[in-house]
Amino acid sequence: MALLEIRNLHAEIEGEEILKGINLTLEVGQVHAIMGPNGSGKSTLAKVIAGDAAYEVTEGEVLLDGKDVLEMEPEERAREGLFLGFQYPVEIPGVSNTYFLRAAANAVRKHRGEPEVDAAQFLRHVRERMELVQMDEALLKRPVNSGFSGGEKKRNEIFQMAVLEPRLAILDETDSGLDIDALRTVSHGVNSLRSPERGFLLITHYQRLLNYIVPDTVHVMVDGRIVKSGGKELAVELEESGYALFEENSAA
Amino acid sequence: MMEAVAEQSSVYLQDFQARDRSAEPAWWATRREAAMQRFEAAGFPGRKVEAWKQTRLGNVTQDHFRPAQVPGTLSNEAAANLAVVEDAVRIVMVDGVLDTERSELERLPDGVRVRTLAAALDEDGGVAEQHLARHADAEPHPFLALNTAFATQGVVIEVVSGAAPEQPLELVSVMTAESTGVAAWPRVLIHAATSSEFTVVQRHEGSDGAAYLTAPVTEVIADANSVVNLFHYASEGDKGSHLGVIHTTLDRDSQLNAHAMHAGGQRLRTDFYVNLDGPGASANLNGLYLVRNGQFSDVHTWVRHNADHCTSEQLVKGVLDGKAESVFDGLIQVAKGAQKTDAGQENRNLLLSPKGIAHSNPRLEIYADDVKCGHGSTVGQLDENAVFYMRTRGISDQEARGVLTFAFANEMLDDMALPSLQAYEREALLSLLPGEEAVRKLL
Ligand SMILES: Nc1ncnc2c1ncn2[C@@H]1O[C@H](COP(=O)(O)OP(=O)(O)O)[C@@H](O)[C@H]1O
Ligand SMILES: [Mg+2]
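Protein chains in written order, with this note's numbering: chain B, 879 to 1130; chain V, 146 to 588.
The set of hints was computed from the structure by calculation and includes no laboratory data.
Simulated coverage check for chain B against chain V, where a stretch passes if three residues somewhere in it have a Cβ under 8 Å from a Cβ of chain V:
{"no.": "1", "segment": "918-931"}
{"no.": "2", "segment": "941-953"}
{"no.": "3", "segment": "961-969"}
Glycine included, each C-beta is placed from N, C-alpha and C at the ideal position.
The shape of chain V in the complex, shown without the other chains:
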């Protein structure tokens, strides 16, 4: 009997059991074991699991990814791109390992406390014990469970009550060309205390050629009346997989402004959970995914109105080039009693080639009666009338298509509060477009 069980256990469970976890506080050990058990019980999702049926996991479920023993070396390009956000305080991870040399944990603005995950775990009764893996882990998500089971690298961020530091925090996670077979489990916990305001940027950059897995989990706990501005950017390598979770819990009158971009990578999925738990909370999610030939991108949103008078707005656009595939799966759930909910969701997809496939699944579950909910979803190609119109003015076919595509996608970048990141994201967009030079003149 015992042997049979051992045979069936996953390589991840075997790794988990083999690790020396003696230094872990008991509360953390308990949460980790629970997560490992959740993963072990469910395994990797097959095609029958509703939330994963359109996600192309490919080699991720067969190959075995392990944390890097020693992180690889940064390419010149990656090193040059470490600092994107102007005036930000940077924290850098390389191949899933915190790079203390390149991080600026000493240079923090007033009102923000940032510690490494390891340091935060040492504190009795602190923010980690109070919040870490206590919100996100309610979700049945295999990579979230693995992250909780394996994460040793990451940061815990606390924003003091009433503080509004102007400097953003920029968390950069780089996967190097040497990261084939590497698993990165970055873990970030953000606690924004009452009436605080804070901006954080998370950038994930991967090298082409390396077959790695990165499964970052970010938990945000926004206390009453706080504002959290969250920017998420992922540009993974052409063999890289990114399966991440952003989980936010919003107390009364708090505000989440989130902007996410999938700029490229073999396989990307982000699950964005938003729990509007206190009256008057609001969440604004806007996202853009660019899916290149042969790549896959998946955005799942889970917006739950659990209290009255909350608002949520989701606008997510996608551009698919060549034989690309995307999923947008967006939930708006309005609990019984969440009256005066105002929720909107829109997903618009532009296929640059007839070979592209964009799945768009709005899901509305509404259990309250006095609510305003709207949703829309489109999948289409460029308006040929507009292309012709531009051509009759002397603009070339390629230029017209480039300009129209840019205009479609740029709506998601237009209102970004961080100009330096906006410029960086625009470059990613431009690199996808035909007639790039002409489009630049639009800027």
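Chain B on its own, in the form it takes in the complex:
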């Protein structure tokens, strides 16, 4: 059984169809990349999988470990092991990062019928993960993303992912707007978490990320459809030729 199975997914917002029949199969242990021009529907796909109620799914299926996630509330999807790293992480004033992480970790544990995390043990785990993404410990006490720089916000997404250890992580342009140092850190975080028990769906606008994280498969998304899939060499090809070629194909 595939970790993620998307079949003929159609979704719209305010009556406008954005996803026009997406098919994608991601086996556990794999890393897939989705590339595509601005506005092609990449974030829409990520948010639909995560359960954003602003979008309406009109057709199709999304299965996580064989379970129909479209029937689930966003929090249930998360508890089943889905993680979305946001393109634009949200600021939550007044709620500290530590609290937020503990609440999230406990929600998953409760779902699995496990007891709440031991505070001291959890802190050790959190510290270890902070090192992985080289995040400043001071950020733990700060409210979630409040007043964080763009780079800090992205790091915080990877950090949360590292703490929560999801089964499937969808990272929406986590590499955009990062300097090389930050990009290396973020990639290091992802690479360290790669495992036969986990899968990644990396949404990216730039081929550069794929120099650091080598994907098993690259998909090209144009106008709400996946127009081509291939190996990592596809990314290089795209960098050279651009999307224009595919855009024509999709219009045809």
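Dock chain V with the ligands against chain B, hints included.
What follows is chain V with the ligands alone, placed relative to chain B:
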């Protein structure tokens, strides 16, 4: 002619005239009569009176409220909640009547003198004669006028020059379940002498089911270089009305730190007057109102910069649950000549339901040119992006909303100087929230 006038007079005037006031000193009789006349001339404000047009007075203007003959009995809950502020000296009123048994007038810290209103009125040329009803009563406020006309219960507090007692004073006014039809007119006068520092907490607690009116008036006179920390908490019953006034007069270099919370009640209004009369005075007002389904809350501030180099900061937040209505009406007035004024005002409202209505009216009247004045006002709902973000981390919808609401309101409680009162107010906040248990873990 005479008869026609008598017919038109209010029940309150009739009560006033029927009272035996022979023991009152002449100066007090004069001030009371003036107040009664002011009320009688203006009556209860109709919808055309600007300062009252959004205030839902409901039954308050039709029903006739009278002081309790005998105060009711405290419920177990009310009795258990008499002492909230740690280490405080308590003064208790029940149904508007001073409860000497439960009050600790004998146990006062050095540097503070507290007398009952009755005792203070007996003193010739004392602080009452000098200040009582001589500052607040300049304001055209119907319930303030009635309080001056009818108040017999209350305390007069004097803080000696240079004194800084560590123990706060906690004034608790409880309305019992038997208080339907009762009017409470608590009157408090606080005089902080030069360079003194003092903390007072006023808590108003009402029982559900009783349709009473409480109209407390507190006058604060802060002399030069003094610091007054004033905490005001009101949690009235689901049929109770609270229409109160806090009036402060600040001399040069004095400081007022005020924190107010409306935790609930059918109808609450507090008018907060701040007269910055001496150069270098400062006032910091922060407030939080929680308005439950079917309830009304109103905060009026009147901050007047009458001297140069004064600062004032107002930050008031509101959370409205269900079909609730609130008013924040905030004045910053800068007199001609009050140069180098630094004044700020912010009101932020969170509607938990689209049925809530929050009125927010900033009023700026600036007659000086070298001033810094800022204001902001918002009415909004929870950030759905933040709710979704939290849910994608496995946190339930209810918990996310509870946590976000708590975080919004808790900003007003975060910096409170009295931890025991802070904990008490947090409980009031928590009781309003969805996902309460989860939010507790935030603490
Ligand atoms: N909330 C929204 N309301 C209306 N249109 C939207 C909304 N979100 C996205 N869209 C539209 O959907 C399309 C795809 O957007 P998006 O998924 O963000 O693309 P990408 O992430 O590939 O840049 C765009 O045309 C965008 O304008
Ligand atoms: Mg996007």
